[in-house]
Every structure is written in structure tokens, then in C-alpha cells.
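Visitor: Letter by letter, the chains look like this.
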Amino acid sequence: DQQVKQNSPSLSVQEGRISILNCDYTNSMFDYFLWYKKYPAEGPTFLISISSIKDKNEDGRFTVFLNKSAKHLSLHIVPSQPGDSAVYFCAASGGINDYKLSFGAGTTVTVRA
Amino acid sequence: GAVVSQHPSRVICKSGTSVKIECRSLDFQATTMFWYRQFPKQSLMLMATSNEGSKATYEQGVEKDKFLINHASLTLSTLTVTSAHPEDSSFYICSAGPVNPNTGELFFGEGSRLTVL
Numbered sequence: 014d015q016q017v018k019q020n021s022p023s024l025s026v027q028e029g030r031i032s033i034l035n036c037d038y039t040n041s042m043f044d045y046f047l048w049y050k051k052y053p054a055e056g057p058t059f060l061i062s063i064s065s066i067k068d069k070n071e072d073g074r075f076t077v078f079l080n081k082s083a084k085h086l087s088l089h090i091v092p093s094q095p096g097d098s099a100v101y102f103c104a105a106s107g108g109i110n111d112y113k114l115s116f117g118a119g120t121t122v123t124v125r126a
Numbered sequence: 040g041a042v043v044s045q046h047p048s049r050v051i052c053k054s055g056t057s058v059k060i061e062c063r064s065l066d067f068q069a070t071t072m073f074w075y076r077q078f079p080k081q082s083l084m085l086m087a088t089s090n091e092g093s094k095a096t097y098e099q100g101v102e103k104d105k106f107l108i109n110h111a112s113l114t115l116s117t118l119t120v121t122s123a124h125p126e127d128s129s130f131y132i133c134s135a136g137p138v139n140p141n142t143g144e145l146f147f148g149e150g151s152r153l154t155v156l
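First to last, the protein sequences are chains G and L.
Each residue of the first sequence is one higher than the one before, starting from 14 at the first, in the working numbering.
Each residue of the second sequence is one higher than the one before, starting from 40 at the first, in the working numbering.
Hints were generated in silico from the structure; no laboratory data involved.
Note that the structure is a prediction, hence the values are computed from the model and not measured.
Hints may be right or wrong, so weigh each one.
Label-pair ranges, simulated between beta-carbon atoms [what the hints assert, rightly or not]:
no., chain 1, residue 1, chain 2, residue 2, range
1, G, P22, L, T119, 40 to 46 Å
2, G, Q15, L, G92, 48 to 54 Å
3, G, S82, L, Q81, 43 to 49 Å
4, L, N139, G, Y52, 19 to 25 Å
5, L, Q99, G, A126, 42 to 48 Å
6, L, T121, G, T123, 26 to 32 Å
Glycine included, each C-beta is placed from N, C-alpha and C at the ideal position.
Please model the complete structure; the sequences and the hints are all you need to start from.
Guide: So, in C-alpha cells, the structure goes:
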């Protein structure tokens, strides 16, 4: 039962433009939502997260938006850079008392020069 | 951030043998460690949760007798794939907590690529 879903397996964007990655979830008990970046044969690297009490969190070029009523979050990367090309995973957890992560299927981002 | 290290990064073994993968938290005490596996172009699937000094909790469908997890200290957890078969070939990744309370972040190791011939 996939509780976190990323329905777009891939995204291609021109350098300098905005990348928008989407994620949906089904478990209303999730308290933290995270985005990880991953290269092949490496562990995931944390990018940014948002707690369920917020609707937006920004860190440099990365912004995550949370719409709890729709059980939807998105990651915006602007401007996109060639080094952003990687697989991006959306993940969610129950928070401090239940912090195991459930991952989406991932979205492969390719930034074209 | 905190550092989690896995060893070995790559291992090739013959079918029927056992392989041990280590996961260490280098600069913090990890009361809980998680083991994930990832097949090519797929998501990270949680296999089990291990708490220091107690038995691991396995996710549905994961054979506990095949994937032995030991978490004997606050800095080390091991995953042993017993009687490995080619279908066990995968990328195994560990993560450790406690989580960063400000971000919910778990810290991940570099992963271990297992190939069973």
C-alpha cells in the first residue's frame, strides 16, 4: 500500500527555469514531509522538509508547499541548474514519535543546458 | 549534519552464501536504525526497524529469517542476508535516528550494492 505517491516518473526542464515536482499522500497522520535527492549507487541526501503545521518552507532555491486538505505537496526549484539533475524522492513520517520514512517512487529530473 | 557510514559499498557473493552489511553512526548515538532496499529505478522500500538492544520489527513481506538484523550498540547495526539468491541482488541503504527535531530528517548511509551470482 503506497502511502506516498509521485506520479511523474520524469521531468525535463531548461536551465534557469523552474522545476516543479509533485507528491501526494494518503495517510493523514503524517507529520513531516521531506524531499531527498539521490544519485545512482548513493544514499539519499536531504534537501528540505516541512511540518504539517506549515504550508510553505523555503531554503535558497528550494521551496516546498504543503496543501493538507488536498494531501498534496510540491517542491519548486528555481532557477534550475545542471547539478540539480538527479532523482528526487518525496517522503513522509509520523514525526518525532514515529519517524520512519515512507518514500514515493521518485521523479528523475533532467536539467538541459 | 550527522554521518552514517555503510560497509561494504559493493559486495559480490555466490548463491547460497551469507553476506553481512554494517551501518555505523559516526558522530551520534542512533537509538533507531532503518534498513531499506531499492531495486533499479524503484522506490526505497522499508525492510525493518531496529532499536538498540531489542529485536527488529520487520515490514510485511520481509522474511526475518532471511534478513537478520542486529543492533547491539548505539552506533552499529548489521544486516545479514542469509543463503543469498540472485533475487536478493539489490541496493541496501540504512538510515539512523533520532531524527533532527527541526526538520524531521533521517540520516542515510551511502548504500551497499549486493550482487548475488
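Visitor: Tell me, which hint numbers fail for this structure?
Guide: 1, 2, 3, 6
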